[in-house]
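Participant: Position chains B and C relative to chain A; hints supplied.
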Amino acid sequence: MLKFTRRQALGAAALSPLATISPAALAATPKDTLVIANQITDIITCDPGECYEIASQILMSRVYDRLVRYEAEDMSKLVGGVAQSWTVSPDAKTYTFKLRPGLKFQSGAPVTAEDMAFSLQRVVLMNKTPAFLFTQLGWTKDNARTLITAPDAGTLVFTITEDFAPSLVLNLMSTLAASVVEKKAALAHEKDGDLGNGWLKSNSAASGAFRMVSWKAGESLTLEANPTYRLGAPKMKRVIVRNVAEPATQRLLLEKGDVDMAMSLQPDQITPLMSNKAVRVESFPYSGTWYIGLNCSDERLKNPKVRLAMKYLVDYQGMANTFLKGRFNVQQTFLPIGLMGAIPYNPYKLDPAKAKALLAEAGYPDGFEIRFDVPNTSPFAEIGQSVQQTMGQGGIKVDIVSAELKQVLGGYRTRKHQMVIMSWTPDYLDPHSNADTFAHNDDNSDSPKTRPLAWRNHWFEPAVTAKTKAASREVDTAKRIAMYEDLQRIVTDTGPFIILFQPNAVVASRANVHGYKPGIIEDNYFYRTITKA
Amino acid sequence: MSAATTATPAARGRVRRFAGPVRRVAGVVFSVLLTFLGLTCVTFVIGRVMPIDPVLAIVGDKASAETYAQVRAEIGLDLPIPVQYWRYLMKVLHGEFGTSVITSHPVLDDLLHVFPATLELSVLALIIGVVVGVPLGVFAATHRDRWQDQVIRFVSLLGYSMPVFWLGLVGLLLFYAKLGWVEGPGRLDVSYDDIVPTITGLITVDSLIAGEVEVFWNAFWHLVLPASLLGYLSLAYVARMTRSFMLAQLNQEYVLATLAKGLSPWRVVWVHALGNVWVQLVTVIALTFGSLLEGAVLTETVFAWPGLGLYMKNSLFNADLNAVLGGTILVGVVYIGLNMLSDLVYPLVDPRARDRW
Amino acid sequence: MSARPSIAPAPDTLRAWLLEPAPASRGQARLGRWFRGWLAFRRNPLALVGLAIVVALVLMALFAPLLASADAAVHQVLEDRLQPSSWAHLFGTDELGRDIYARVVFGSRVTLTIVTLVSLIVVPVGLLIGLPAGYFAGWIDTVLMRLTDIFLAFPRLVLALAFAAALGPGIENAVIAISLTAWPPYARLARAETLTRRQAEFIQAAEMQGASHLRIIATQIVPLCLSSVIIRLTLDMAGIILTAAGLGFLGLGAQPPAAEWGAMVSTGRNVLLDQWWVATIPGLAIFVTSLGFNLLGDGLRDVAGGRG
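Protein chains in written order, with our numbering: chain A, 1 to 533; chain B, 534 to 890; chain C, 891 to 1198.
Chain A extracted, bound-state conformation (with noise of 0.2 Å):
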C-alpha cells in the first residue's frame, strides 16, 4: 500500500511534543498525490451498467474508457475511445467499429470485441437504471445477444432495430454504459447470473486512465493513475476524493490545505474565497436545468394562461443575482447552452401586473392556493421560498411542503405533485436527451413504459411529441438543429415548465493546481489532464 504522511513536510520537529500540542500543524497534501472534496454519498455502486449517480459517472468515467467519447483534448468531437473508427450501414441501422489494437485491461489482458459486445449486452441483459438508453435501439434480453456481435477480436458490429440518426446512436455510445468491462473478470465473480455485477459495484475490471484502488461508501474513493492507458500514464499518482458533506466545512479544507480542490460549494462559500490568493476560483458551464413542474392535471394548471401568468411571477435575474450569484445563470429553455441546438430564448422576468392580468383572464383574478413540493436542501429550498413570495404578488398562495430529495422525487415520479421544482441533467451529449423527456409523451396513462417530464406534468401533446421524433431521425443536423429551435420556443411558451437556470460547475482548488478543464456533463470532468506545481 502506498503510504503517505505529513512527515516528509514537517521533517522530525514533528515528532517533538511541542509540535503536537497544537493542531495547528502547517498541511498540504502531497505533490503526487490529489485530494478532492465533493458530495459522493449518491455513490451506490461501481457497476458502469449500473450506475447513474453524479459522482459515480464521474468517477467511473475516470476507470472505465468506452466504446467512443469526447477527450479533455477537444471536447467539441465525437473521437474513438476503444474504437478506432467505424461505419455506419447506409440504412442506418448496422454500426460496424474497428477496435483498436492492443489496449490493454488494468489486470494486463488484451481488450478485445468480446470484452466490448458483452459489456453492451450486459447493460441490457442486467437491465438496471442505464438499461433504457440501449433498448430504445429496440435490444431487449432476447435479442441482445444475436444484434450486438464481435466476429473477430478487433471489431465489433450490432444492429438496431429503431430508426435513430447516426449522431445520436454515436452519442449513446459515448456514455458510461457503453464502457468496456473485461468479460473473464467479470465472469469469474458471477454469482447467480448476475454478469458480475454483485462483484463489480465495488470493484473494477477496467481499462481506463485510473485504477480504483478502494470505494469506502460515504466516507471516500481512491484512483491510482494506470501507467499503462492508452494515452499515457496521468500525472497525477494518486487521486484520493474525500467526501465532505457540507459546503462550508470544503471550504475550510481546502484553505487549510487539507484538500486540494473542493467540487460543491454554494456562492455563500465562493464570495469570500475570492479574495484568498493560495485558492483560485474558476467556474464552467454544466449543462443541468433547473426548472418547476406544473402539473396538468390540476384543473387550474391545465389552463396555459394560469401557467403563462406563473412563469411571470419568478424573479428569475433577483435569484440569480444574490443567493445564487456565479452558480446560476437564467435560461429558460430546455437545452442548456452548450448543447447542440440551445438556444438564449429567455422571455420571462418578474412582472406581477401581467401575471395578474393574465390570472383574470384565466378566470382567476384572486389567485388560488397550491402545493409546491421542494426538496429540503440548499439551494432548492432558498429558490422554492423565493418563488412563494413572488407567486404571492400575483395572489397565487404557494404552500411549501419540503422533504428530503428522494421523497420529492418518488411523489414527482408518480404525478402527485401539484408544483415541484426539480433539477434535470442529460444522459449525453445530444438534444434529444433533453427533448425526450421534456417534449416527448406518447403515452399518458398511469403505466406508460417510461417517464418523461412531460408525462409527469401530464402534459399531452401529440404533435409536440411527434416533432421531437421527426428530430431524433433526422439525419441533416443543419434541419436537426433548427428542429430543437422550434421545440424550445413551444416548451418554454406553452409548456408545463417554468424553466429557471443552468447552473455552472463551481470548482475552487488550490493555486498550485492546475489543468482541470470540465466538460459541460459529467462524464467529461478529466482529472488526467491536472497537474500540481
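Note that these hints are calculated values from the structure, not bench results. It is possible that part of the hints are untrue.
To be verified - In silico lysine-lysine, DSS-like type, Cα no more than 27 Å apart, as pairs:
1) B:LYS711 with A:LYS256
2) A:LYS305 with A:LYS31
3) A:LYS141 with B:LYS595
4) A:LYS216 with B:LYS711
5) B:LYS711 with A:LYS449
6) B:LYS624 with A:LYS416
7) A:LYS406 with B:LYS595
8) A:LYS469 with B:LYS595
9) B:LYS595 with A:LYS277
10) A:LYS302 with A:LYS31
11) A:LYS93 with B:LYS595
12) A:LYS237 with A:LYS416
13) A:LYS305 with A:LYS416
14) A:LYS191 with B:LYS624
15) A:LYS302 with B:LYS711
16) A:LYS216 with B:LYS595
17) A:LYS406 with A:LYS93
18) A:LYS467 with B:LYS624
Said to hold, decoys possible - Simulated coverage check for chain A against chain C, where a stretch passes if three residues somewhere in it have a Cβ under 8 Å from a Cβ of chain C:
19) 239-250
20) 315-324
21) 401-415
Glycine included, each C-beta is placed from N, C-alpha and C at the ideal position.
Facilitator: Below, chains B and C alone, put in the same frame as chain A:
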C-alpha cells in the same frame, strides 16, 4: 419524588412482580425478548410506510418502468408487509441483516465499521463526564445549599439545556475556525487516511498499536472537541445524580458515627460514602452512555463523524431499509442491555427500590 | 428575601388564613399547600429566573405581532441578505434577507405550539394508561406496563426521528413523533402515584359509598397525580424543545416560510464562518428557552419536596 426515582428513569423496579432472583432474571429476559420483538416490529413498519420509495433510492429517477418493477420484486417489496416482516425476522435470527443499498455492503459489516467511531467518541465523552462529574457532585453534596452547590447546579442545568447540534456548531466556529486550537470535522485529516491498519476500529488505539504517533495526535485533536462537548452534557447528568446519591448517604447514621469516631471528614466522604454509591453510579453511567448513543445522530451530523448516528441518518433519508433496521436493532440492543443492567443491579444495592412500587 | 407580596385587601389576614395549620375546609388546605409551595419556590433565585424566562417566552409568543412585524419574519429582501446586526435588523438578516429578530420572535410560537400540543397528548395518554394500571392492578397492570416497557426501551431520539421521517415533515407530524416517544414516563408516574393512594382511607371510603371506579379515578385520583405530573412535564419541556429543535435541524420540522429555530440553525450552518449570527442566534433562543423550563422544573421539584 426521591432521588433514586430520577436516578434511573428506566430502572423502575419492573422486577417487583417476581419473587426470587431466578424469577426476576427470567422476567427480565422475557421482557427483553418482548421489547426486542416490539423494536423490530415498529421499526419495520416505519420503514415500510415511509414516504421515501426504497426502489427509487436504488434505481434512481431515470430508470424505466420495467427496471423499477424488477428491482421492486428483487427486494421483496411486492409481498404483504407481515410476510416481509416474518422473512426479515427469520433472517435476523440467522444473523443476516441483509445488504445496504447505499454502501452495497452487508449491513453487519457496515455496522462493525461505523460503530467503533461512535464508541470512541462516546467513551471519551463518558470518561470526561465521570472524571469531572463525580467529584463535582460530591462537592455539591458536601456544600449543600451553599453557593458552591448553586453554581454546580446551574452549570449542570446549562448542560441539560444545550441543543447539542448548536453547541457543536458554536464549538467548531470558536475553537476550530477562529482559534485553531483543535482539528475540524471528521476523524482524521485526509492525508492520514489509510495509514493505520484497522484492528479495533478506534483510531486512537489503532495508531498507538501501529506506532504512528503522528496519526494518534491528529486523531486526538479531531476527537477532543466533540468529546469535550458531549462530555460536558454527560457531566451535567452525572454530577446531579452523584449529588443526590451522596446526600442520601451523608444523612445516614453511619456517617455521623464514623465522624464521631474521629475519622477525617474528607475520608468519610470520599471513601466511605462514595464507596457506597458506586453501584448506583454505574447505572447512571450506563444510562448516560445510552443517551450519548441516542444523541449521536445529531452530533455526528455536525462533526461529520462517520459513526453509527450518521450512518442511520443517511440510511433513513435514503430509505435504506436494511441499514435502518440493522442500526436500530444495534442501538436498541445496546439500550435494552443497559436498561437490563440497571434493572438487575439496582434493586440489589438499593433495598428501597424493591418496595417502592 | 425582598418585600413580601402585598396582597390586598388584608395581606396579613389572608396570609394567616392560607398558612392556617388546621384548615377548616379542603379548599383552604389545598390553597394553603400551594401558598406554602410558592413561599418555598420564591426562596430559590434560579427557579425565579426560570419562571421569568418561561413567562417571557409565553408573552413573546402571545404578543409576537407587537414585538416584531409578522411580515418581516417572512418577507424576503434578497438584496439585503446576510446583513450583520443593525438598527433596522437587530439580529441581522438570514440567507433570504429576512429579519432574524422577527423570525426568532415568531419562532417562539412554533416552539410553544409544539410543546403545548405534545403536553396535551402526552399527559392524557400517560394518565389513560397509568391510572387503570395502578388502580386495577392484576393483569391489566401487567399488560399496560409491558407495553410501556417496550416503548421505554426505545432510544427516544432515534425513534422520534424514524417516526418523523415516516410521517413526513411538518409541525403536526413532529408533534406526533415526539408524543409517541414521550408518553411512557407519564404512564409510569401515574401508575406509581395511583398505587400509593389506592389504599388511602378516603378512597376506600368513597368505594364503600358505592362510587363508580371511573368516578373515583376522575375525582379523587387524577387531582392527586396532577401535581407530580405537572412537575415532570415542566422538567420534560426542555427535552421536548430540544427534540423538536433537533428534528427541525434535520429537516423534519415546520415548513417554510414558518420560522422554526432548529431549522434556522440548520440553514445558518452554510454561512457559519462569515455570518455567524444566522445560526447562532436561533440556537441561543433554543438554549435559553430550554434553560428556562429546566430552572423552573428544578425549582418546582424542590418545592414538591422529598428531594435533597
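Participant: Each of the hints needs a verdict: does it hold here or not?
Facilitator: Quick rundown of the hints versus the structure:
no., hint, verdict
1, B:LYS711 with A:LYS256, "holds, 12 Å"
2, A:LYS305 with A:LYS31, "violated, 60 Å"
3, A:LYS141 with B:LYS595, "holds, 19 Å"
4, A:LYS216 with B:LYS711, "violated, 31 Å"
5, B:LYS711 with A:LYS449, "violated, 55 Å"
6, B:LYS624 with A:LYS416, "violated, 35 Å"
7, A:LYS406 with B:LYS595, "holds, 12 Å"
8, A:LYS469 with B:LYS595, "holds, 19 Å"
9, B:LYS595 with A:LYS277, "violated, 42 Å"
10, A:LYS302 with A:LYS31, "violated, 59 Å"
11, A:LYS93 with B:LYS595, "holds, 26 Å"
12, A:LYS237 with A:LYS416, "violated, 49 Å"
13, A:LYS305 with A:LYS416, "holds, 22 Å"
14, A:LYS191 with B:LYS624, "holds, 20 Å"
15, A:LYS302 with B:LYS711, "violated, 54 Å"
16, A:LYS216 with B:LYS595, "holds, 25 Å"
17, A:LYS406 with A:LYS93, "violated, 38 Å"
18, A:LYS467 with B:LYS624, "violated, 53 Å"
19, 239-250, "holds (count 3)"
20, 315-324, "holds (count 6)"
21, 401-415, "holds (count 5)"
Hints 2, 4, 5, 6, 9, 10, 12, 15, 17 and 18, counting from the list given before, are not met by this structure.
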